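Work out the full structure: start from the sequences and follow the hints.
This note's numbering runs 413 ahead of the 1-based position in the sequence shown.
Hints in this document: simulated from the structure, not taken from any laboratory.
Here the structure is a predicted model, which means the values were calculated and not measured.
C-beta: ideal position from N, C-alpha, C; glycine also.
Each hint can be trusted.
The following label-pair restraints were derived from C-beta to C-beta distances: (1) Leu514 to Leu415: 20 to 26 Å; (2) Gln509 to Arg474: 15 to 21 Å; (3) Ser444 to His507: 15 to 21 Å.
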Amino acid sequence: MLRRWDTEAAHDPETTAIDLAHAIQFGHAQSALEAVAAGGLGLTAADARALHFANEMAELRHYGPLIAVDGGLPVLAPGVREVIGSFDSLLLWHDQPPWNL
414 MLRRWDTEAA HDPETTAIDL AHAIQFGHAQ SALEAVAAGG LGLTAADARA LHFANEMAEL
474 RHYGPLIAVD GGLPVLAPGV REVIGSFDSL LLWHDQPPWN L
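Below, the structure is given as structure tokens:
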């Protein structure tokens, strides 16, 4: 059974943030997640590949997907936005572009 980002963040926020940051960096998925957060209309084939690889890394760590579907449109999975919001305070996203969610 894959773990939910929101549930895991409530139990162990630091490890969850580390795992999410690693998955995003592995997949080079920052811009893809920003596109999803903006409504998903500008997603490209490159974004789909990036999300695929980020989700693969997340699954290796027993987490569910980084995105979900709501009303037929892609959205960030529950908890993902909040965990990303914790990256700066945990110093997990230094030397990376700032997030635009």
